[in-house]
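Start from the sequences, fold in the hints, and give me the full structure.
Residue-level listing of the chains:
There are 2 protein chains.
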Amino acid sequence: MPIYDSPNSLSNILHCRRQKLAKLIDFPVVIWAGNTTPRNFAANHFPFRASSHFLYFAGIPLKNAVIRLEEEKLELYIDNITSDVSLWCGETYQREEIADFIGADAAFPLTELETHLFGAATIAVQDPATWTQQSQLLGRWILPLSPPQGIDLELARAIVTLRLIHDDEAIRELVKAADISVKAHLAGMQTVKSASTEAEVRAAMESIIIANNMTTAYNSIVTVHGEVLHNNKYHNPLHSGDLLLADVGAETEMGWAGDITRTFPVSGKFSSTQKDIYDVVLAAHDACIAKIRPGVEYRDIHMLACLTLTEGLVSVGILQGDPANLVERNVHSVFFPHGIGHLLGLDVHDMEDLGDLAGYKEGRNRSDLFGLSYLRLNRSLQSNMLITIEPGFYQVPAILNPARSKYKYLINWEKLELFADVRSIRIEDEVLVTNVGSKVLSADLPTDTSTIEEIIIS
Amino acid sequence: MPIYDSPNSLSNILHCRRQKLAKLIDFPVVIWAGNTTPRNFAANHFPFRASSHFLYFAGIPLKNAVIRLEEEKLELYIDNITSDVSLWCGETYQREEIADFIGADAAFPLTELETHLFGAATIAVQDPATWTQQSQLLGRWILPLSPPQGIDLELARAIVTLRLIHDDEAIRELVKAADISVKAHLAGMQTVKSASTEAEVRAAMESIIIANNMTTAYNSIVTVHGEVLHNNKYHNPLHSGDLLLADVGAETEMGWAGDITRTFPVSGKFSSTQKDIYDVVLAAHDACIAKIRPGVEYRDIHMLACLTLTEGLVSVGILQGDPANLVERNVHSVFFPHGIGHLLGLDVHDMEDLGDLAGYKEGRNRSDLFGLSYLRLNRSLQSNMLITIEPGFYQVPAILNPARSKYKYLINWEKLELFADVRSIRIEDEVLVTNVGSKVLSADLPTDTSTIEEIIIS
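As given, the protein sequences belong to chains A and B, one line each in that order.
So for the first sequence, our numbering puts the first residue at 72; every next one is plus one.
So for the second sequence, our numbering puts the first residue at 72; every next one is plus one.
Wrong hints could be hidden among the right ones.
Below, a sample of chain B positions facing chain A; criterion: calculated Cβ distance under 7 Å [stated by the list, open to error]:
1) 111
2) 197
3) 199
Calculated directly from the structure, the hints in this document are not laboratory data.
The structure displayed is predicted, hence computed values, not measured ones.
Cβ coordinates follow ideal geometry from the N, Cα and C atoms, glycine included.
In structure tokens, the structure reads:
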């Protein structure tokens with residue numbers, strides 16, 4: 072467990088989080104870490120990932136452990152490993168040592184949990200073996216895909232309140248994740264010219280993450296077909312005229328996520344059409360970041376991105392008309408069909424396991440409008456929130472085809488054909504809201520075309 | 072789907088596998104691919120891995136698909152993706168195109184499956200959402216951790232019969248996996264001298280796998296503490312006197328696994344004590360491989376490894392007595408507590424999802440003896456079986472401590488102390504049983520200390 076500089080600091084942080092939680096709720100809380108999930112057979116499992124809520128209050132990824140919080144107290148429930156397991160998996164820390172390390176007030180074997188559950192709220196974990204156990208022990212369904220009810224809902228709201236606003240330790244971890252994500256992207260840029268497939272660039276990027284003893288926070292997107300928005304294949308060959316879109320983020324050992332996207336030319340040189348559109352997207356990116364400060368509505372940032380992108384597309388001649396009017400008609404969504412970003416924390420879409428509880432302020436709901444409906448965050452920004460800003464431009468056949476009649480005159484279809492070498496561009500940075508405005512955690516990674524070209528060629 | 076050289080070859084292979092299956096059973100078979108498993112929230116899932124039995128009979132990793140085999144016929148059940156999904160995930164192949172590609176005789180949406188299940192046998196998949204569905208649709212419990220019963224057991228036995236003996240296509244895939252695994256190990260050796268942590272060596276190895284658009288077949292072991300047998304941590308710093316144990320294998324896009332282990336010195340130079348023990352392990356490795364041919368009992372290969380290791384440890388002075396007698400007293404298990412290897416195929420421990428059905432010949436059961444009890448394969452070898460040979464030497468505190476009294480005079484404990492810099496050595500190769508003997512699929516990766524030293528230094 073030589074993870075934090077001193078166990079003392081970890082137990083202080085966790086105590087502080089419990090204090091804040093205790094101010095919001097007056098019932099006990101039990102949080103499960105979850106267990107490994109089998110891949111092709113039981114012993115060949117996916118790498119263990121503790122549930123994010125557990126990581127927030129327990130600090131370290133303990134397999135098959137449970138914590139119970141009541142007022143400011145912390146109890147740990149975990150079984151010591153048997154001697155047979157220790158033969159294969161090595162000596163590990165005993166329950167009391169772990170309890171000491173995280174500052175638990177008491178520690179018990181898992182069998183004791185059953186008698187300490189009265190009146191406790193919980194949050195569903197993702198792995199079915201554990202949520203089945205949660206449901207059985209608590210005597211009610213605890214399902215990861217169903218909205219929480221009663222005290223579980225109260226708990227979820229309280230946790231959202233805490234996790235929305237990152238404390239110093241969270242920010243330290245998030246900075247670490249951002250730093251390694253930046254290094255991964257630099258490695259990607261430095262490899263693209265000599266690589267012959269997407270997979271080779273992905274390897275260069277992920278090897279930085281692995282070498283730093285981190286994992287990817289999500290399945291990387293590294294593709295010359297970024298217009299397939301969730302593209303987790305890496306088999307395409309790289310051609311000289313292609314733009315490569317890389318959406319890759321590192322996750323620290325404690326579970327905190329990075330999330331950065333860059334789009335760069337395989338040849339090392341943007342074509343003039345690619346540069347034109349890139350600069351439109353970059354203008355939206357920069358305009359949004361410039362507006363970020365406490366009190367600003369994230370939805371307004373999204374709408375600013377839509378307007379700035381539209382202005383840019385008008386100026387290059389792809390759109391025709393008054394930008395504000397075009398945005399009103401939702402024309403931008405043809406090329407920018409997703410939201411401007413999301414919360415970032417222990418999850419790459421932070422707390423998305425709770426549906427829109429974290430992303431949407433109470434009383435607000437998703438829009439029905441295409442494009443805006445995919446906005447994942449609709450709240451007023453507060454200091455120490457971490458959000459992404461990720462405008463993009465995509466030529467998605469499934470969107471363009473119906474748009475040909477719908478927006479026959481607002482889009483200059485002939486002009487658009489000149490931009491056939493711009494299938495997809497996204498520029499994504501991580502932005503921490505601060506008291507005075509914002510701080511870009513991924514600022515060490517350049518966004519401008521000339522510096523990116525220099526990195527690739529160098 | 073541009074995966075196989077020609078769709079025709081894939082459909083022929085699959086037809087051939089169905090023909091063989093139809094000779095063994097006379098009831099219909101339904102095999103589920105399974106679905107993705109969520110990591111920290113539903114949309115952030117682990118990379119999809121289709122069930123191995125599905126991959127064997129469907130050839131390609133189709134998410135949430137089902138196949139039905141009856142006599143030589145193949146039916147595919149899969150839903151076309153909706154336009155909303157295609158927006159995010161791109162255009163994909165339609166049901167009929169996929170059916171055509173794999174040579175299915177008919178294709179249906181998933182809703183049709185329910186009416187085609189009468190009398191069908193199946194195999195449990197790993198992901199709970201899918202095995203719950205299997206159980207509901209078939210009206211009986213289909214659990215991955217419970218032994219199959221009735222026709223499901225008959226099916227499992229028939230599949231074991233097929234999958235034990237690899238066909239040409241399987242061997243082609245296994246050779247691909249072995250080749251990339253070899254390259255990964257070479258990269259590891261070439262990195263170890265300049266690396267400062269285990270994680271950096273792991274990164275060099277896995278980046279080869281990722282760059283070739285493959286995945287790891289299991290969680291890599293890359294550690295200076297190989298005496299922790301299942302070590303999936305990579306945080307240890309590398310010191311000049313350390314031996315690094317790397318157990319890393321690639322898995323092809325179609326799911327076929329590689330599995331190789333090498334142990335090499337961080338400094339590039341084995342110490343004399345390390346070389347002494349390494350050569351003992353290598354002698355066992357070579358002796359076992361030399362004996363492999365059809366008709367040989369794998370258990371005898373295991374016992375040969377025990378004897379050869381014991382002879383070597385007697386000659387270096389760690390064990391005292393007659394080697395055959397020492398093996399009879401199970402002294403070797405103090406330093407070699409696991410089996411000599413296992414089946415390799417679509418799973419790194421092939422068909423371990425079926426318990427010991429594949430590994431152990433009908434009527435044979437696991438031994439109670441420490442060490443031998445971990446032998447995963449106890450069958451007579453046949454041509455086109457692929458097995459691993461992986462003798463090792465480990466100083467596991469949890470085993471050595473009780474052995475101090477049990478084997479007080481048979482182990483020269485003072486002498487053993489001189490070998491403190493040899494915490495763990497394992498040498499593992501993949502061996503294909505052939506008509507005339509065997510072929511080592513990982514033969515391009517050297518095993519001898521001097522060539523390994525040359526690779527590291529070069």
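Violating hint indices (sorted, rising) | none
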